[in-house]
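Participant: With the hints as a guide, bring both chains together as one complex.
One line per chain: the protein sequences are V and X, in this order. Heads up: the first sequence begins at 1 in the numbering used here, then just goes up one per residue. Heads up: the second sequence begins at 1001 in the numbering used here, then just goes up one per residue.
Source of the hints: derived by calculation from the structure; they are not laboratory data. Bear in mind the structure is a predicted one, so any value in this text is a computation, not a measurement. Be careful, since some hints might not be right.
Mimicking DSS-like on lysine-lysine, the simulated pairs with C-alpha atoms at most 27 Å apart in a straight line are [to be verified]:
(1) X:Lys1127 x V:Lys35
(2) X:Lys1112 x X:Lys1081
(3) X:Lys1081 x V:Lys413
(4) V:Lys413 x X:Lys1044
(5) X:Lys1127 x V:Lys413
(6) X:Lys1141 x X:Lys1044
(7) X:Lys1127 x X:Lys1112
(8) X:Lys1141 x X:Lys1112
(9) X:Lys1092 x V:Lys35
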Amino acid sequence: MSAVTKPFPEARASTYDVEAIRAEFPILSRSVHGKPLVYLDNANTTQKPRAVIDAIRRYYEEENANIHRGTHWLSEKATEAYEGGREKVARFLGAASPKEIVFTRGTTEAINLVAAGFARDLLHAGDEVLITGLEHHSNIVPWQLACEKTGARLVVVPITDDGEVPADEFESRLTPRTKLAAVSHVSNALGTVNPVKTFVALAHARGVPVLVDGAQAAPHIPLDVVELGCDFYAISGHKMYGPTGIGALYGTREWLEKLPPYQGGGDMISSVTFEKTTYNALPWKFEAGTANISGGIGLGVAADWLSGVGLTAVAEHEHDLLVYGTKLLSAISGLTIVGRAKEKAALISFTLENVHPHDIGTILDREGIAIRTGHHCAQPVMDRFGLPATARASFGLYNTRAEVDALAAAIGKVREVFG
Amino acid sequence: MTDLRDLYQEVILDHNKSPHNFREMPDATRLALGNNPLCGDKLKLYVRIEGDRIADVAFQGSGCAISKASASLMTDAIKGKSLAEAETLYGKFHELLTGPPDVKADGAGLGKLAVFSGVREFPVRVKCATLAWHTLESALKNSHDVAKTE
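Pulled out of the complex, with its shape left as it was, chain X reads as follows (with noise of 0.2 Å):
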């Protein structure tokens, strides 16, 4: 259970449990679709643009625990963010999950996102925790295609 614990962290399961910013926004300049076919995992991600910061931002829809808690936690940390950080945010945290898995994951300068070191250990699960990124992504860039990871 040691490396289920490992990917099934507290902070996860409980951002599973209970998301933050799990909302409609009315107001949002953003929208994008993110789609995970595999498994099924789709999501609605809103952001609300202000001068090059990300002034608020908020999703809705159905997930696996991975992927329903890494859309919650990116939330969190890239609300009042500029454009740049946030990009800079995702480099770092694509680093987290795709490092080497005999390698132990830093975490230096995510915060709460560290939290998702484990997955790395699972490869398979990776996309689900950078989906809701690829839709953020897609978010910033104002297309209009479902971000899909597969």
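Isolated chain V, as found in the complex (with noise of 0.2 Å):
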């Protein structure tokens, strides 16, 4: 495999054109309930565009065989493709080489594939696990099982009543017997960007590695793990408009030589006997069993794809989407916005007063509108809010300003039902 060369491929255009990018969606176009899609659900999952839909059948009618061991024409052409997905990952990453890449589950296989490597070498009675206090459930009971397998201990980095986390915070809690840290990137409840690469610095002054819970950045982001310079980066493919069912975890060389393969079984071995086995090279040490081939294709499409569109265009188009919704939003009497970090990606959690979330999800998707309503997987959050859930509205690169105007409407008329 060759190293992986920078930049990204070039953008498409210099101006953003959102119905461009929206006919690219075949979903889009249709009704729920008789109303247009509106779309507003993408913390949770997103959307696939064309490229990544007809990448996926076209493995299937033309490529499909297992990979890395057989000998015939098919099979060489579906491991290409599937290490081709793996270099596209790393491009899309910034990583220093494919070998860095292990494709996983998902977000929440990433995490626990090096949670359980710490839990069975590395961790110890004594030690302690740094989460701050707005992860997702996928960033804090891997580390809780951990924890109760090894008697280390969990320590939290509060959140303040925006919903942010000061690097302060952050840095008092790292102590001689902290291992490892693991924050998210982005929040998922609230939307708040945590400032990971301060995290980074201030952790590795420690010698503390970081993992970087990456999930609801990389839709949203352009990011280059070697810049923030963590240790390990986790993503999940259908939150950047990939397949579900597929995700990286991004890892240094260094440590992923240190960590203890994740399961056993075929493909990650070099060599077999009942008394020995051999493990294989990395990445592949990592990836027992026969692989999520088409979903491997997917992402490194879904990765190239948005690359394509450009992060920065993405997420400029986004950052007004949520300043144009949070003034609108704000301007309905009885709405409260839970989260008002400085820096935040476009997503907006409110609750209504009088009116549990659950209710306000029921009547918006009576307007077409899908929205999620909720927890959102991070409960500690919303105990720390005092709430037992939220409505969450988080937009996506093809998400427009008359949509934003539609959630307003239908919010309107969660009050004509509820008075």
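Facilitator: Put into structure tokens, the structure is as follows:
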């Protein structure tokens, strides 16, 4: 495999043409309950562009075979396509080599892979794992399991009323016992963008490695893991316009070599006898069993597609929606926006006085508007704000100001029903 | 808006705003917690049983309009009823919620609980309407488990 070369593929246009982008997503032309679909649940999962759908279909129609083990032509083609996907993901993340990209089922499995490795070999009683109060359950529970197994302690950096994690609070909880810090890049519940580069610098100054949960950042922010300096970075395909059931763990070569294998089985070995097994080279050491081949291909295509649109332009477009939406929603009486971080991704978590988020969700759905309601798999965040749940509108690169208008109008309907 | 009005009938909105029997009950003989983790609904149900009758029943907690109104109307409906009568009522209520959406629910024998007939058109909301009843079931079994609808 060749080293990854920068820069990203050329961005397609200097001006952002949202209608042209929408036209690439077949699902966006459908209607729901007789209304045009307004899809504002992108932090949950994103829709898929034609390029990704076509790549997966083409693989099954033209290249399907098992990878890494066939001598036949199709197997070679499938291997090329799958490993090509890995190279695209490496380029997308700014990794130094595709060998540092492990395909997983998603961010959750990527974090579990690291947590299980730490629990097996690197964590001991009295050690500490540092997380923040903003984390998704997938960046809490794997560490709790690891702590339970080893007697290590989970330490949590508190969040402010605006939903931010202050760097000094983070720093003050780094101790000689801290063995790893695991932080989200972007909060799925509140949209807060954490200063991960600062966190990494502070942690590294004390010799503490950092895992970044990038599930929510990958579709919104231009990424460069080398520049961030993190030791691990986890992403999910389905949150960045790729398929479900596939994601990736970036790990520095040093760390991936240090970590023990995650699962045992085929493909992750170099040789097996009943006495001893030697493991495969990176990254395959962590990929037991037949892989999600079409997923790897689809994720690679999604990464290239997203880079083609240009994440700087995406971030600008989404920021406009955030500013516009925040202004519009703030003007609705009884509506409170939860999470007011200065650095924020295009996501608005809110509550409406005397109306439960679940009821908001049902009424919006009848208007064709998809949002998420509930605790967003971040119950500690909800507890921090004393809320059982919020309603959350999360924007993607294909959303428009007109859709934000539709959201505001539909919240007006909620008021009509509930008085 | 018609189907929304089927779901959010006036009686439901009224009970959501001013739920009946929404209080603590220091002399309860049974207590159960209900939890719908998906929506964040939490419910504490108090029951006082005398002989085989539900002498008093009350609840506290937070939840969506459907779950709150359902708890409120349930407490009205079962107060003074025998345990067997309450169970029969639950059976009928469950049928009302889960019947085919294209068939008009008759709501016979359900009294005010028939206002939940619109829920069957919103399958994801069935668990909201049944949370209080699941919690009642667990209270009557005197189990200390948290009742869950997911």
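Participant: Hint by hint, note whether the structure agrees.
Facilitator: A quick look at each hint next to the structure:
With a CA separation close to 26 Å, the supplied pair Lys1127 (chain X) and Lys35 (chain V) stays within the 27 Å bound. Of the pairs offered as hints, the one joining Lys1112 (chain X) and Lys1081 (chain X) holds, with about 15 Å between alpha carbons and a cut-off of 27 Å not exceeded. Simply put, Lys1081 (chain X) and Lys413 (chain V) have alpha-carbon atoms about 39 Å apart, too far for the 27 Å limit, and the pair is violated. Between Lys413 (chain V) and Lys1044 (chain X) the alpha-carbon distance is near 31 Å, which puts this suggested pair outside the 27 Å criterion.
About 24 Å separates the Cα atoms of Lys1127 (chain X) and Lys413 (chain V), which keeps this hinted pair within 27 Å; it holds. Proposed proximity of Lys1141 (chain X) and Lys1044 (chain X) is supported: the alpha carbons are some 15 Å apart, at most 27 Å. Restraint check: the Cα-Cα separation between Lys1127 (chain X) and Lys1112 (chain X) comes to about 19 Å, which is no more than 27 Å; the hinted pair holds. Restraint check for Lys1141 (chain X) and Lys1112 (chain X): the C-alpha separation of about 26 Å stays at or below 27 Å, so the hint holds.
About 34 Å separates the Cα atoms of Lys1092 (chain X) and Lys35 (chain V), which puts this hinted pair outside 27 Å; it is violated.
In terms of the numbered hints stated before, the structure departs from hints 3, 4 and 9, listed from lowest to highest.
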